[in-house]
Every structure is written in structure tokens, then in C-alpha cells.
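Since the structure of chain A is already known, use the hints to place chain B on it.
So the protein sequences, as listed, match chains A and B.
Residue 653 in this note's numbering is what sits at position 653 of the first sequence, and the numbering runs on without skipping anything.
Residue 149 in this note's numbering is what sits at position 149 of the second sequence, and the numbering runs on without skipping anything.
Everything labelled a hint here was simulated from the structure, so no lab data went into it.
Careful, some of the hints might be misleading.
[Stated by the list, open to error] SDA-like cross-link-like pairs, simulated, lysine to any residue; straight-line CA separation at most 25 Å:
1. A/Lys-301 to A/Phe-181
2. A/Lys-33 to B/Glu-51
3. A/Lys-686 to B/Tyr-164
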Amino acid sequence: MASGHYRHIGKATVRKDAVNIVTGSLTYIDDIKMPGMLHGKVLRSPHAHADIKSIDTTKAAQLRGVRVVITFKDVPDWKIGMPEPHQRVLDHRVRYVGDGVALVAATTPEIAREALDLIEVDYDVLPSVPDMDEALKPGAPQLYDSYPGNILPPGCPYFGPNSLKAIIRGDVETGFQEADFIAEGTFGYENIPNPLPPEPPGAIVRWDGPNKMTVWSSVQCPNFLKMRLGGSTRVPEIRVVGIPCGGSYGSKITTWLVSLYAAALARAVNHPVKVYYSKEEHFSAYVLRLGSRISAKIGMKKDGTVTAVSGEWLVDTGAYSEMAQGMVAVGCGEAQLMIGSCQNWKLDTKTIVTNRNPSGTVRGFGGQELKSALVPLWTMAMEKGGLDPVEVFKKNFIKPGEGYFWRDGVWYTSSGKDYANAIEKGAEVFGWNDKWKGWLKPSKVNGSVRTGVGVGVHGNADAGEDVVEAQVRLSGDGSVVLHCSVTESGMGQRSSLCKMVAEVLNVPVERVSLTDPDTMINPFNFGLVGSRGTHAVGYAVIRAAEDAREKLLELAAVHFGLSKESLETKEGLVFSKAKPRPRIPWFRILGPMRTVTGSGNFEPDYTKPNFIMTFIEVEVDVDTGKTKLVRVVQATDAGQIIDPPTLAGQLYGGLGSAGIDTALFEETILDKTTGRILNGNMVDYKWRVFPELPDFDNVVLETGISTHRFKAVGVGEITTAPGPSAVFMAVSNALGKRITKYPATPDHILKELGRI
Amino acid sequence: MKQNKLSENAEAIRADKTISLTVNGETCILTIGDRPHDVVPSHTLAYTLRETLNLTGTKIGCDRGACAACTVLMDGRPVASCMVLTVECDGKSITTIEGLADPKTGTLHPIQKAFVDHTAFQCGFCTPGILMTTKALLEKIPSPSREDIQDALSGHYCRCISHYHVVGAVLSLSKKGD
Chain A
1 MASGHYRHIG KATVRKDAVN IVTGSLTYID DIKMPGMLHG KVLRSPHAHA DIKSIDTTKA
61 AQLRGVRVVI TFKDVPDWKI GMPEPHQRVL DHRVRYVGDG VALVAATTPE IAREALDLIE
121 VDYDVLPSVP DMDEALKPGA PQLYDSYPGN ILPPGCPYFG PNSLKAIIRG DVETGFQEAD
181 FIAEGTFGYE NIPNPLPPEP PGAIVRWDGP NKMTVWSSVQ CPNFLKMRLG GSTRVPEIRV
241 VGIPCGGSYG SKITTWLVSL YAAALARAVN HPVKVYYSKE EHFSAYVLRL GSRISAKIGM
301 KKDGTVTAVS GEWLVDTGAY SEMAQGMVAV GCGEAQLMIG SCQNWKLDTK TIVTNRNPSG
361 TVRGFGGQEL KSALVPLWTM AMEKGGLDPV EVFKKNFIKP GEGYFWRDGV WYTSSGKDYA
421 NAIEKGAEVF GWNDKWKGWL KPSKVNGSVR TGVGVGVHGN ADAGEDVVEA QVRLSGDGSV
481 VLHCSVTESG MGQRSSLCKM VAEVLNVPVE RVSLTDPDTM INPFNFGLVG SRGTHAVGYA
541 VIRAAEDARE KLLELAAVHF GLSKESLETK EGLVFSKAKP RPRIPWFRIL GPMRTVTGSG
601 NFEPDYTKPN FIMTFIEVEV DVDTGKTKLV RVVQATDAGQ IIDPPTLAGQ LYGGLGSAGI
661 DTALFEETIL DKTTGRILNG NMVDYKWRVF PELPDFDNVV LETGISTHRF KAVGVGEITT
721 APGPSAVFMA VSNALGKRIT KYPATPDHIL KELGRI
Chain B
1 MKQNKLSENA EAIRADKTIS LTVNGETCIL TIGDRPHDVV PSHTLAYTLR ETLNLTGTKI
61 GCDRGACAAC TVLMDGRPVA SCMVLTVECD GKSITTIEGL ADPKTGTLHP IQKAFVDHTA
121 FQCGFCTPGI LMTTKALLEK IPSPSREDIQ DALSGHYCRC ISHYHVVGAV LSLSKKGD
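Next comes chain A alone, as it looks inside the complex (with noise of 0.2 Å):
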């Protein structure tokens, strides 16, 4: 094993949480009470587009325990949005079942509830669009005056002024004109499924001043949030502290809105204010996966290489944007790195809005919505050559010295790796050469029972995204405290980068801390989004201990009168490596009342991009209709494992967190006719079962990449991505017929099959 040098790193150490996590005593927000703490609960709209005529609010501001309501004729003008603000956190108008209407601040719960139940709306209902069908038919209703035709403007601000709106590159004509094979269609994966973690979203604010407030919340990215918060209210002094998120998935990256409605009441009150949604508002009211539906066409050689590929991408972020054009942005990125051979393209995006509960920041971010309905089209290229699927992807994979435009437009060339051995050895643990046999053709038929296959890929440049700065503090004492601003969301990051902190500094993990996530006190982090936490956090966390060590020793040189090359440290202890004793603890060279504190930084680099293949074998019984899932083999090259649990942890995640799933029974439902949601409960809305677990196997290669001292990249946030296209090939495969949508359920393969 490739951690056979080290003392932590690729070794399983308890996670220092775990003894909270399994005693019940980890605090999430829904556990955090403060003196004078009120509960905010929102009106929600039953219509999907209507204009407020009249809100009458005095019973509700007379209930007992009730200590204010607000409209939007009273809320500040707060608005969230891109590319720029355009849904104000309370409006005149409502463009969704679920959206807010009024706010209610009150001394429980239950007070809060009842006094929504008093509010009295009277609404004028207007013509509404359920789908990007109706959003984009002339004269259809519109839901933003300044946005016509129900078409926001392209581009992602955080990303810079060119960032990533379409793949314009070479010349598509003479593309298609090279190729063998071209297939065209439409294809769309558009179930928009929920994330849903367990834990609802939630925020507590404290408003301490006309210029200052304080945010608690289950938050991904505590910086990230409190620039976005800070965009919104223009308040200058905002301190974000993130509580461990009850799960996440990406849509707890910023809890942008729940924590404007906390914000708003408790501006208006002079309390701390929780607003926490019940799990209705969390299906109803919060962050679905973007529809995505792609026209396109797409040349390829015989040999595999693909010539052209051009085309539309239309993207259906329901009733505003929060980040969409930043997904769009990532997910352009990332069909540039799966079809890395393909020098022409010419691929526009429209993000289209529709009067339906908003899509957000999800796992997979733009690439599995854009996988899930280009890789469907591709296939049929691959089909009419006869090419085997996972040939092909392994010849169209970005290479290292090949190009791609990166998110913020900016062309980058990879100096990643080649990831060819992890695909080989993925698709030899899973058997794959025995079970392919050919284009919808199944790889073995039992009575009803149909066994097929199917295989995904997918890979992205965010693992060295955005900006980190970190600190590590020695004390005489020996003990370690690492300074950076990471919220645990179950990846068991805070653990992993402390193993870091204690690898370089040769101390027991438990020797060193992390500090709580808090904007206030610590250095900037974006957060932990995008696999970003093992490369970009971790380089920055290595280089601030690496740092401290070396100041450490420069002290240490005094005292020893040797070079601090020639000293060692270990156990908190100083001696020269030529004479291993004296050994002199780290007090004697500090002292009671000094510490040393070292630095470290991150700067962004796009040109390392991780990978995932999934490989996937389902049984249809074309009786029933019904698909089980019976084999998932995850593999990857992670450089270097640093925690083996957890990282096999995230590779299992891929079934979860509106993954894999949605290409076999995860859906969000839509009423069309009223706009509402028919399955948002967690009995309708289906999600997987202890007893239908399937085989699960993950092959991770740990054959090193450039990017720190532990050459080690993550690939927690891609494990998702492929798995839905991959579904969609073995469920094709076994019926001997190509499904046209997602998600394959009984109903659905049956119809296809011409049986009901």
C-alpha cells in the first residue's frame, strides 16, 4: 500500500466526532436554544403564480406569544438571485406552491403555526408555467418583468466576468464532416429530485445592531454564505458560524433565503430568531435538482475519437435562480473533460424559469444533469459504430496536456492524470468484458428476468477550486490547534485534515483541534464543495503546519546552537537527527505563554481533474416492469487514500443524495395543472431501503497526483454523477430497447414495452 510510509495518512482513525455522533450529543441547529430565542415560520403561496391583493395580518399580530408578522410591504428589500438579485426574499407576487408570503415570529412553534393558519390573503391568481415547454411558448406568462421569455441571463458572477456560459470551440462543420457516425435527438433528464438530507435546513440569527448580525446555520460554506448574506442586506459586519449539517449533498452550500427569513425577523424583534423547516417545506420549499434537457448532435470516428458536438442545452431552474448559471458554468466544464478528444463544439444554454419550487446547489452540480441526458445522445453514436462504452470513455477521458474552458472561461490544460488503469481495473473487478455483450443486447435473459449493463463517467477541475487560507497554532503544551473554517457535513473532512496537521507535525491526531467554523475567527475558506477539501483544504492545511513546524525549529535552533535542518520534531518533542538525544519537549522552547503560528494558502488550479466510473448491472422483469439493482462497482484513482472509512463512504454515496436513484425511481411530481408537488412526503417520494442494498464494490487506484505532499485528490462530490446515464444504458441494454426518461419505475417500462 501506498500509506505504508506514513503514520496517519491511508490509515482508519476514529473520526473525532464519532463519540458525539453515536452518544446523541452532537449538536445540530435544531438542538441549539438561545436565552430569548423566537421561532419564525412562513406563510407559504397555495397558488403557483399569483399577485397579493390584500394581507390582512391584525389577528395574527394579536395572538398571544406572537411578537411580529411581516409582508412584503414591511420586509427590507432583501433579494437573492442570479446573475444578479431578482427574488425578493417576501414579493407582491408569489411564483410557486411554496413560496413565502408572510412571516411570523412568536415565543414556540406552535404559536408561530397558528398564527399563520390567522393571516388573511386574498390573491389574484394568474396563468402560470409548470414546465420549459409552456416558460417558453410565445406569450407565455412571464414571471420576472425584467426577464423576457422567461430567460435569465447567462453567466455565474462568483466566477469571474467571462465565466462559462456555452462550448464554443473549433469548428463544428468540418467536425461532423470527419465523423463516421453522427446521431442527433433530444434527450432530457428532467425528474428534478430531491436531495434531501435528513436534517431540514434551518438558521438562527441574532441581530446585534444596525450593522451587525450573527448567523447560526447547518451551512456548507460559512463564507460563502455570509457573502452572499452580505450582497443581500448590505449589512457590513455579518459573522457566520456553521453547525454541522444533518446531511447536505451541496444544498446546504449556502442557506441563502432560510437565513433571510431569520434575518428579517429578528432585525424586526431584538431577539435571536430560528426558522427550521418541517419536512413539507422542505420538499416543497427548498432545493430540487435542475431540470436539463439537451438537443444535440454528436459526430464520432470509428475509432471512438468524437469529431463534433453541437447542440442546445436547456435548463429549467424552476421559479428563480440561486446558482444555476454556475452549475451550467461547471457542468460546460465538465462535458469538455468526459469528451476530452473533441475539438469542435458548439453547445448554448438557456436557464429557464418556471413557476415551480426553485432548483439549487446540489451534488454533481451541472455535470450529472448535463451527464444524464448528453451521455443517453452519445450512446447512440456509439451504438451505430458498435463501440463498447467504456473503450470509448477511456479514449475520450481528459488526458494529461489536453485543454478544456474551465468555469471562469479561462482555457486550462490538464496536468492531471491519466486515468485509463482506474477504468481498466474498475471494469476487470466488475466483470465487464464478460457481461457486455453488445448494444441493447442483455447479458443474460432468466424467464422474465433480463440482466443488463451500463457504465458512467464523469470528472471534475473544481478539486483545486477557489481560495483557502489556514493557520496552525503550536503550544508549549504540545498541543496543536488548526484555524480554519470547515463545517463537518458528514465527509469527515475536519477529521481528515487534522490527520494532516498531525502527519507533518508527527503527533497523534488527537494532539491536535480544529477550530469551530466561524467566520469571525478564522481565515478564509470557501468551504467544502466540489471535492475541494482533500486538494485545495489540504494543501493549505499542510503548508500552514509545514509552516509552523519550520518556525518551531528556526526557535529550536537557538536553543540546540544547530542548523533547523538538522533538527527533527516528533510527539511534540525537538532532538537532532544526527544524535536523538537531548529530546527536548516544545515548553522548553515556548514556554507557558508563547505559541508559533504558521501559514498556509491555497490558490485555484483548475488543471487537476478528478474521475469516477460507475459501472452498473440491473435485472428488469419485463412481467412486472419492476428493475432491481444488483451490482455498483464505483471506481477511481484518489492519488492517496487519507481516511480509507470515509472515503468509501463517499463512494457509497452515490446511491444516495439524488444520485443513482433518480434514473429508477427518485422523482419530484409536479401537478401541472396547480403547480403542486403530489409526492412531497417521505413515504411517496421513494428512496432506497436497507433490504434492497446492492452489491457494492469501489476500486480506488492510489497511484499519486501532483497536488501536495500527500499527492492525494477528492472525489467525494462527483460519486453521484455518473450513475444515472449508467442506469439508463444497463436498464436499455437488458429490455433490448432504448427507455426515453428517467426514472425507469414498473409504470413507465411497461408503457416502453408496449404492455399497459
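What follows is chain B alone, placed relative to chain A:
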């Protein structure tokens, strides 16, 4: 005589207005009423545990009996505490996640230890409920098979996919092969 009668009545009313349940071995006398710290008849056991008794280790996910995050043991059997009214718990013995470790020494229960050693969680929100069901399972079937474990946990929603680590942790406790 009159006075005696009155005080008897008051006692009877008082008696009617309290319930007694054992939570993690301690007797809790709760008053039914609408003052602060009273139990309102509509309060669920999950609510009372978290808000009245401050035992926040029990997590509420859906609050509708569909995700099992709030599972506690009632007389040794796992129940979704969001689907039980507190007023129905008179005379019952409740064990929550806070009652799993040794109350005096704080030593982790072997199930907790196994979950720690197997990293059998990711975000941890569903973990307390899973641990409580596991405790009931192992008391009923000390040597569960993989299928027994998966069946026992079938109601538990975990979105991170800690399932494989959980099954591994519980299997490590199975007395099979001893």
C-alpha cells in the same frame, strides 16, 4: 368534612393531570397542561424528549413516522417517537440514545463502540435512531444474519449511504461463530 372532600378532589384532579414514565431509568412525572414545561395532549414523545426533557439526541427528520430518525425504545421495542403522543406513555419505560452508554461511567455501549470503530455514520443525523433499533434487534436476535440486520433497519432513512458500514458494524456484534 367538607374541607377533606375538597382536598380529596384536588388530589384526584392532580393525579389525573400527571403521567409518569421512566426515561433512561429515571422516573419523570409530567403534568398535563398548557403552562411552560407541561405536556400538552398534542405533544409527541419526540417533542417532549427534546423540548421538555432536553434530550436532544433523539432527532426529528420527517415528524410523520416515515424516516425513523426519532426511534427510541418503549418497553424495549423500537417506536417512532414522533408518532406516539406523550400522554399515551404513562407507565412506559423509554430508552433514548442518551441512555445507551453506561450512565455512571459514560462507557460506550458495545454497539456504540462498534459504530465508532467502523465509522458507521456520515452526517450522523440518522445514527441515534439506527443505534436504538440495533439495540432492540440484538436483544431479540443476538446473532443476526446480514438479512436480519437489513430487515430490522428497513424503516431507517439514511441519505449519505452509511448502510454498508452500519451492516458491517452490526455484523461485528453478531454472536455467530462464538
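We went through each hint and held it up to the structure:
{"no.": "1", "hint": "A/Lys-301 to A/Phe-181", "verdict": "holds, 6 Å"}
{"no.": "2", "hint": "A/Lys-33 to B/Glu-51", "verdict": "holds, 10 Å"}
{"no.": "3", "hint": "A/Lys-686 to B/Tyr-164", "verdict": "holds, 19 Å"}
Figure legend: structure checked against the earlier numbered hints; every hint is met.
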